[in-house]
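Asks: These are the residues of each chain, in order.
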Amino acid sequence: MSKHVMVFCEQRDGVMQKVSLELLGEGKKLANALGQKLIALVLGHNVDALNQTALQHGADEVIAVDSEYLSDYMNEPYTKAMTAVLKAEDFEIVLIGATAIGRDLAPRVAARVKTGLTADCTSLEIDPDTNHLLMTRPAFGGNILATIICPEHRPQMASIRPGVMIAPEPTAQSNGTVRNFPVEFTPADRNVTILETVKSAKKTKDITEAKVLVSGGRGTGKEGFATLEKLASALGGMVGASRAAVDAGFAEKEKQIGQTGKTVRPQLYMACGISGAIQHLAGMEESELIIAINKNPSAPIFDVADVGIVGDMHKILHKLIDRLERLA
Amino acid sequence: MKIIVCIKQVPNTNEVKLNQETGTLIRDGVPSIINPDDLAGIEAALRIKDTRDAHVTVITMGPPQADVALREALAMGCDDAYLISDRAFAGADTWATSGTLAGAINLLGYDLIITGRQAIDGDTAQVGPQIAEHLGIPVISYAEEINAEDKTITVKRQYEDRYQIIQAQYPVLITALSELNQPRYMSVGGIVDAYDTKEVKSLAYVDLEHLVARENIGLKGSPTRVKKSFTKSPKGKGELHQVSDDESVEIIIRKLKEHHIL
Chain P
106 MSKHVMVFCE QRDGVMQKVS LELLGEGKKL ANALGQKLIA LVLGHNVDAL
156 NQTALQHGAD EVIAVDSEYL SDYMNEPYTK AMTAVLKAED FEIVLIGATA
206 IGRDLAPRVA ARVKTGLTAD CTSLEIDPDT NHLLMTRPAF GGNILATIIC
256 PEHRPQMASI RPGVMIAPEP TAQSNGTVRN FPVEFTPADR NVTILETVKS
306 AKKTKDITEA KVLVSGGRGT GKEGFATLEK LASALGGMVG ASRAAVDAGF
356 AEKEKQIGQT GKTVRPQLYM ACGISGAIQH LAGMEESELI IAINKNPSAP
406 IFDVADVGIV GDMHKILHKL IDRLERLA
Chain A
168 MKIIVCIKQV PNTNEVKLNQ ETGTLIRDGV PSIINPDDLA GIEAALRIKD
218 TRDAHVTVIT MGPPQADVAL REALAMGCDD AYLISDRAFA GADTWATSGT
268 LAGAINLLGY DLIITGRQAI DGDTAQVGPQ IAEHLGIPVI SYAEEINAED
318 KTITVKRQYE DRYQIIQAQY PVLITALSEL NQPRYMSVGG IVDAYDTKEV
368 KSLAYVDLEH LVARENIGLK GSPTRVKKSF TKSPKGKGEL HQVSDDESVE
418 IIIRKLKEHH IL
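Residue numbers (the working numbering), protein chains in the order written: chain P, 106 to 433; chain A, 168 to 429.
Wrong hints could be hidden among the right ones.
The calculated DSS-like cross-link candidates involving lysine-lysine, where the alpha carbons are at most 30 Å apart (straight line), are [stated by the list, open to error]:
| no. | chain 1 | residue 1 | chain 2 | residue 2 |
| --- | --- | --- | --- | --- |
| 1 | P | Lys367 | A | Lys424 |
| 2 | P | Lys335 | A | Lys216 |
| 3 | A | Lys395 | P | Lys134 |
| 4 | P | Lys316 | A | Lys424 |
| 5 | A | Lys395 | P | Lys108 |
| 6 | P | Lys367 | A | Lys422 |
Counterexamples of contact, computed for chain P against chain A with all Cβ distances above 10 Å [claimed, not checked]:
| no. | residue |
| --- | --- |
| 7 | Gln157 |
| 8 | Gln161 |
| 9 | Asn248 |
| 10 | Glu289 |
| 11 | Gly324 |
Everything labelled a hint here was simulated from the structure, so no lab data went into it.
We put the beta carbon where it would ideally sit given N, CA and C, even for glycine.
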């Protein structure tokens, strides 16, 4: 039986999550390196439209499990469906987004099929000698990187943080096929009861989707964050924050960038008053252009910045905003 | 109600620094702490015990030094503590760790298990859900609030874009977020008790061998291997300017134009 690479396509309310598209791009690369097919796994109820989305983003085939048991994410029904598919066919690699859903589902599935799972990977490669998947992830709060292998058990499972891989452009046409995979559920599979689901009221754009991010730290201060908002709007971007700034109450948790926050790779990252703790750097150092302003010339942020400016961020930003407004 | 809290002793990764010359971790002098999410798990269990008839057992798998973390949990008010320690457990990945912990939990008996969501040294968030799988019980991850009743437990479960109120019957495993609560301090009497009257009991592989197969523990029982670990090669340092504010603005504008952001 031939072996395949699988990407778990996470959907919420029938919307494919961006990380899944990113993983389809990465999964395709791995499948090509191995000469294998890329299979997208779509679990849900009445979400057929997503099958096409997966095919347009590089999947050779979609395996779809459709059941009302899968309409909202619940750990056990999803584990049962995914395990059934994994046991029915030979998969070499399985990729899952390291979201609040993926990090609940992937470990349970890995335990049930008895295989290894590497969490929150930031880079994946095929070892040219052994064909093993080399899964590299940060550990120790981002202080070190570890490359993990799963030599004897299959599939090799990895969860990948959103924003790390790059989503491919969709193609208009695809020759891929969709296969429905039947799974029998029983009421006992719903082993918990969801009493209520409350979606966050404000549907603000996620900072991981911003092309321009201007970020502040503890030293930026509340007033400084108001200035960052102005700068972000002048540049058509969004505001991000270090953990210290979030802890100090200057910015909401959803804006936190770094090891315990989000990973971002915008076209421009402006770090204003951020000293650059390693945990913060882990979440932004892949940005295309990094400009840092800090009054301390030995701040670690300057080690990753393309352009470092030693100075008072407040004074410089006010002048910069004036300049941008005059340019506009 | 029998509650088991799983904790891990971790180095305070916020205080780990890199030796800039050698690029290696400076671990000397870095204090060990109870993992923050696990500390919230202890507090959640103690709050249940504050209001109902509950017995709280805290367990950890680790080297003998982890005794300190268990004493701290006892000093906070936990009733019992077990150190699961054996050379045979060394090198375990999350699959083998969760299987070993599940064996100990089966030995001790339980209605409710609380683990932290993830540990700050490994950040995997895998051990909690995998213990639940080894035990064959439901898991509710990312708990922001917990409300325990006699027959059921209700949890506010966090997602990136929503939350859910989820109810389960016992037995169930819950993974705690550090946002869940503000952990209490050890009391002076508690500290005295933790070292004088209470004891940390030990479990070695011999105590669990009827529950966990030898091929499923330690490095040998682990599907994954660390192939190598390394510090990041620093990105080439860019340009650093120490000029007037006006010149700084001009440099930024020029860079933004070069990169077609303006």
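Asks: Take the hints in turn and mark each one as holding or not.
Replies: Going through the hints against the structure:
A threshold of 30 Å between alpha carbons decides the hint, and for lysine 367 of chain P with lysine 424 of chain A the separation of about 27 Å falls inside it, so the pair holds. Between lysine 335 of chain P and lysine 216 of chain A the CA atoms are separated by roughly 49 Å; this puts the pair beyond 30 Å, and the hint is violated. Annotation: proposed proximity of lysine 395 of chain A to lysine 134 of chain P holds, straight-line Cα distance about 23 Å (limit 30 Å). In summary, the hint linking lysine 316 of chain P to lysine 424 of chain A is supported, as the alpha carbons are separated by about 15 Å, within the 30 Å threshold.
A hinted pair counts as satisfied when its Cα atoms are at most 30 Å apart, and lysine 395 of chain A with lysine 108 of chain P qualifies at roughly 27 Å. Our distance criterion of 30 Å between C-alpha atoms is met by lysine 367 of chain P and lysine 422 of chain A, whose separation comes to about 26 Å. No beta-carbon of chain A comes within 10 Å of the beta-carbon of glutamine 157 of chain P; the shortest separation is about 23 Å. Every Cβ of chain A is farther than 10 Å from the Cβ of glutamine 161 of chain P; the closest lies at roughly 24 Å, confirming the non-interface assignment.
Distance check for asparagine 248 of chain P against chain A: the nearest CB is about 5 Å away, which does not clear 10 Å, and the non-interface claim fails. For glutamate 289 of chain P, the shortest C-beta to C-beta distance to chain A comes to about 19 Å, beyond the 10 Å cut-off, and the non-interface label holds. The claim that glycine 324 of chain P is not at the interface with chain A holds, since no C-beta of that chain comes within 10 Å of its own (minimum 17 Å).
Comparing the model with each numbered hint stated earlier shows that hints 2, 9 do not hold.
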